[in-house]
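J.: Each residue of the sequence shown is one higher than the one before, counting from 1 in full-length UniProt numbering.
By construction, these hints were calculated from the structure, which means they are not laboratory data. Treat the hints with care, as some may be off.
Label pairs and their computed distance ranges (CB to CB) [as the list claims (entries may be wrong)]: (1) Glu4 <-> Lys28: 35 to 43 Å; (2) Trp59 <-> Thr33: 29 to 37 Å; (3) Glu65 <-> Ser15: 54 to 62 Å; (4) Pro2 <-> Arg41: 56 to 64 Å; (5) Ser62 <-> Ala40: 16 to 24 Å; (6) Glu22 <-> Glu45: 43 to 51 Å; (7) Val38 <-> Met61: 41 to 49 Å.
None of the values given here were measured: they were computed from a predicted structure. We treat Cβ as the ideally placed atom computed from N, Cα and C, and that holds for glycine.
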Amino acid sequence: MPVETLRKQIQELESDITGLEEKIRTKKAEKATATAQVQARIFLERIFAPYMEGLCDVWGMSPEEGIR
1 MPVETLRKQI
11 QELESDITGL
21 EEKIRTKKAE
31 KATATAQVQA
41 RIFLERIFAP
51 YMEGLCDVWG
61 MSPEEGIR
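Using the sequences and the hints, build the whole thing.
T.: Below you can see the structure in the form of structure tokens.
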């Protein structure tokens, strides 16, 4: 096999590797974003909402008014 053909194949493989690495980074970022969204929702539903409801009961107002 000529050296030029091998060089071209190496360049193509390196390009493929770069593309795959970018896809992996993108998937990791998407997974991290989804995880953060789930954690935020859990925080709001299980911690913040009951806390605000309790405070607003003490203050005598609705949670919507309390957030303002």
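J.: Taking each numbered hint in turn, which are not upheld by the structure, reported in ascending numerical order?
T.: 6, 7
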